[in-house]
Structures are given as structure tokens and as C-alpha cells.
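Spelled out, the chains give:
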Amino acid sequence: MFGLAALAAFACATALPAPSLRFEARPTLAAAPGGGVLWSASVPCDDPPAMVGARVFFALDFDLDGAPDAADTLGVSPADCGSDEGDGSRVALRRALRPAHAALLRALIVDPAGAPADSHFALTAGAGSILSISSYCARPKNGEPEWIEIRNNAAFAAPTAKLRLEGRAFGGAFPGALEPGGVITTGADTAELRIWRPGARLVALSSWPNLRNSADTLRLSLAGGLVLDSVIYPVGGAWPREACVSLESEEAAASAHGYALTLPSPARWRPRDAGFVIDVRAPVSGRYDLRVYDLDGRPLCALARNAIGPVAYALPQASCPDLGARRGPVILHLDPREGPGVRRTLAILP
Amino acid sequence: MKLRDVFLVPLAALPSLFPVRAEIPDVPFSGAYGATSGAGSLSGWDRLGGDNPATLGAPAWSVSAAGYAPFGLDDMHVVEVETARDAPRWGASFGVRTLSAGEGVSVSLFRGTLAARLGERWSGGGALRFGVGGATGRDGGVGGGLGMLWRPRSFASLGAAWEDGLIGFGADCGSDFGGAGGNAASWRYSIERYFGAEGEFRHGFGLRLHSLLSIYAGFAPARETASLGVRFGAGSWEGFSALRRHAALGGTPVQGVRWTRATGGEGGEGENEKSRAPPSSRR
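Line order of the protein sequences matches chains A and B.
According to our numbering, the first sequence is numbered sequentially starting from 1110.
According to our numbering, the second sequence is numbered sequentially starting from -8.
Keep in mind the hints are simulated off the structure, nothing from the lab.
A couple of the hints might just be wrong.
Claimed, not checked - Have a look at the derived ranges for each label pair, beta carbon to beta carbon: (1) B/F186 with A/E1359: 29 to 37 angstroms; (2) A/P1408 with B/D65: 21 to 29 angstroms; (3) B/V123 with A/F1230: 53 to 61 angstroms; (4) A/T1371 with B/A213: 24 to 32 angstroms; (5) B/L204 with A/T1371: 44 to 52 angstroms; (6) B/W113 with A/T1371: 50 to 58 angstroms; (7) A/S1374 with B/W113: 31 to 39 angstroms; (8) A/S1339 with B/G187: 46 to 54 angstroms; (9) B/G190 with A/T1371: 32 to 40 angstroms; (10) A/S1374 with B/H68: 14 to 22 angstroms; (11) B/G187 with A/R1381: 22 to 30 angstroms; (12) B/H201 with A/R1446: 44 to 52 angstroms; (13) B/P143 with A/G1384: 55 to 63 angstroms; (14) A/T1371 with B/H201: 45 to 53 angstroms.
Note that the structure is a prediction, hence the values are computed from the model and not measured.
The beta carbon of each residue, even a glycine, is placed where N, CA and C say it ideally should be.
Kindly produce the complete structure, drawing on both the sequences and the hints.
In C-alpha cells form, the structure reads like this:
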């Protein structure tokens, strides 16, 4: 009898139409002209009367405590279904936001009665911009404990009660709060967490086999599922090849701030060939320069000055007209306004 | 056309006829220059590694080697080795600078110099260099250079050199203090100006505290680089260690070693001993 009731309930649930007030696809964030981020989404016009009085609320949470530190709102109207930005079947929504710091953005669409209908979470800056996995030791030498270090890159203390660290078979929660610039170093089980106090380093006391697997992904996330940072363990060879892998390199430090500079492999460019693309990963509101130097450190030109957000630069560039006339190695330097830079060497062939 | 133009025009055209295109760091690192961002090179502060082929040392055999990774980049290494023979009235040197930069890049530059004393206060010299490109296909090439050194007073010297499309003029001044002869401490300041496609100023400062220890510093604004280093040693051996710091690209630590064997003659052992000092007491 109970089984039949459950089956009937499941059938009814699956037969229900999708809620009319919802984000049709995953809303997106992009760099806004003049700074900040541009949030874009679309809402289907399945039931225009239900859209009357609906609104989207934006909450910016800088310290990840769940309470909004800045807010904004945007009205939704069925009249927009036929506007230039909609095609009659959906309303296109856009809002430029200017967070003062990297933040967790929550966009919540509510019906006219104020009831939440759908929501969207995102980071306004790159992964690792608030909390990052700054280093880890994946295979200890001589029985030393494995450990993972989490760093607070934000300007605010970040409560860690909702923080989760997930490997292939591990999930853990951290109590307390992490001060700006502070780190947590933790190990295998909650017994070790008990002796951790906010702001202090804790080195695990026992071996933790979870980090041994090549190509596993270690995720730092909030309880709601939003991934704040992730690390993929090195792949290849007779794993593990290294006792410990540190992310304290220049590249990792930049990555923790959301910046990366990627060149095709091998990094050799023949000026007469097209299709050599330099990828810059940057937070959507992150400003940076991309300069070219010779091996004596003389600045040759700038591929980008005061640029914002992720951009792909195809060589040759008009901003570096003489680069194609050079031969031999040059140095590319991605120089963010905040945080460490990244250097790459590029060989220019005849 | 004036008479001097008859000589200058062919000289100016020479580098374009024989370009050396081996793409390696062209600022010298060996000897004191790793610690002066290359300054003092035209004024003849060090026998080995400089840009002025007119530089002469005390009669001796000498060998210098230095290695560094530009800006600490893991995939890039430079090694310099140079040897010289100086006699009372002439000197010659031969050196190689090799860059390996990953991605199949391997480039070498060979350079030989021949210098002669032209009276008590003058010396002149010439250089011949050729580059060998590696897997980059970077052209090698052959180039030449000329240099002059003039020391009108004990406290000042002037140098000029031209090589591969770059012409440079340098001046330095300094004095001894706190002692006499080879045991005197001394200081020296050098300013150099290069003209050409990669023209720049270089500033250098040297402070010899003892015959065993000298401290150097340098600044090259066009390369956004400042540097600091020491030279130290005893007997025939001395080492040098320096750090060049680029404003954006980071630091370049340089280490090197030099061996010298005096051969007597004019200047003799005593003069050779002075060669560790900033060069006020050396030429």
C-alpha cells in the first residue's frame, strides 16, 4: 500500500510542469564595461501573468557568512517578453554589479507574493579569490602526515563552518573563522580538527591515504555545493613521483588569485604563421598588463595594458608591431594589479 | 664632407654588414659586471666580460666563468666562460656565452678581443664575434667592434666602444683612501651611455674594502634593473656573487669564479693583485 502511494506521488511529481518563474539557463557573469561584473540571465515567458511583480534580488556576500553585505534588485515584467532584448518567449535580464571585493553572488528570483522561485550562486572573481587550496602534501616522506593548506585571500574573516573539503572519499567541515591572510592546515579526521583553533596552523598527525590518487580532484566548497577552489593532482609516471606538491610556486600563487597565462605547447611562434593564441585567464573584474621583455629585461611592448577579464591574444598583435621582427626567446609577463604575476618564455622562430 | 666623416661613415656601416644575431642576454655578467648591471664595462673595470675590447689587465693568464638563470626562470640557463692573456704591451681574450632556453633553443656567442697599450694613458682594441643559432633557426653571424680607453688623470678615465650597431661612451671617477699601494681601499663611480636601438644609461659603484673584498652596485633604468654583489678571494682564486633585481621580472642570482696567474713583466705581481679593486689602481 505504501509502495503504491509512493509510486503515485512520484508519478504526480514528474508530471508537474516546470515552474514558470525560473532562470532558463545558468546565468552568466562577465566583465562589465567600466569595471565590475555584468550578470545576465533569461526567464521564460511561459506564464506572463505570473511574472507581474516578480523581482530578482542580488546579494553579495564578501565574507561567506551567508548574510548579504551588499544588495541590489531588478524588476521582471511580462512586457519585456516582446522587447528588443527578448524574442517573445523569454525575458533577457542584465544587471551591472560593482562589488568592492571578491564576493559570493546570490541571485534570487521571487514571485509577486515574495516566495523564492529560483536562485543562482556564483563567485564574482575567479576560483580561489576568496578561499583557496594554497598547498598540499600528497605523499609524505617517511611517514609524515599528509596535509592540505587552505588560505583566506579575502579582506574579511571567513567563517569556515560551512566549508567542505572533498577528495575522492572525504568530506570534512571546519569550525570557526579564518582571518584574512590566515591558513588552515589540516589532515585526515575530525579528531585533529578538534585541536585546531582559528588562525593557527594544524599539521595532521596521521597518514591520510586520500591524496594518493593521480588525477583525483580535491575541491574546496561551501555546504551549498559552490566550488571555491579545486586542485587536480598531477598525472603521469609512476605516481606518486613527488613526496609533496607545493602550490607555493609563482604560477600557483597567481592561480590562487584567478590569473593564469597559457601558451600553446611548444611555445614557439613563427611570425608568418597564424593561429598562435596566448590565453589569459583573469577574474572578470581583474585588471592586468601583459608585457613582453627581452632577456636583458628591456620592455619591448605591451600586448595589453589595463585589460580586464579573460582574453585570448592572437599573434601578431598591432600593439607589438616589432615582435615579428625579433628572433629567439622573449619573456611574457602577466602583471595583475593585485597579486603575483606569471612569466612565460616564448621562442620566436624565423 | 669633413675629414673625420671619411673615417666615421665606414665605421657606422660596418655593423649592418656583419650583424651578430645570436639572441642571448647581451649585458655582461662575468666579473664585477654581474653586480653592476653591466656598468663599468666601457670604463674597463674588469679584464673579462666587458664591452670595451681595449680593456687590459696586469700581465697574467686569467680564466673566468659565471652561470645564471635569467630572472630565475627554470627553463633558461646562461653560462659564460672567458680566458685572457695579458702582456706588458698587449692582451688577448676569448670567451663564449651560451644560452639554453628549452623548447629546442640553444644559442652560443663566441668573442675574441685583441688590445694594445698606446702610450702611458691610452689603450685600444678590437673584437670579433660570431653567433651560432640553435634549433630556433636563429641566424648566426659575424660582427666586429672597436674600443678605446683613456686615463687622463689618476682619478678618472674615459672609454668608448662600438659593436654591433651599438656605440657607447663611459666615464668613471674615484679615489683611494685609507692606505697605500695594493692595500688601499678605494671607491669608483661609473656612468655609461649607449646609443643605438637598445640605447641606455648604466650607473655603477664599486667599493674596495680590502684586497680580498670588494662590494659593487649598479642601476640600469632602461632595463628596470638594480644590482648588488661582492667579489672575494685570496691568492689566485676569487669568487663573485651578485643579485640583479628587475622591477617586474624578479631577481637573477649570479655566481662565478676567476683564476689568475701572474706572469711578471711590467706591472708584475703587485699590479695583478690590485686587479680585484675597482680599477682606479689597476690600469
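TODO: Identify every previously stated hint that the structure contradicts and give their numbers, smallest first.
DONE: Result: hint 7 breaks, nothing else.
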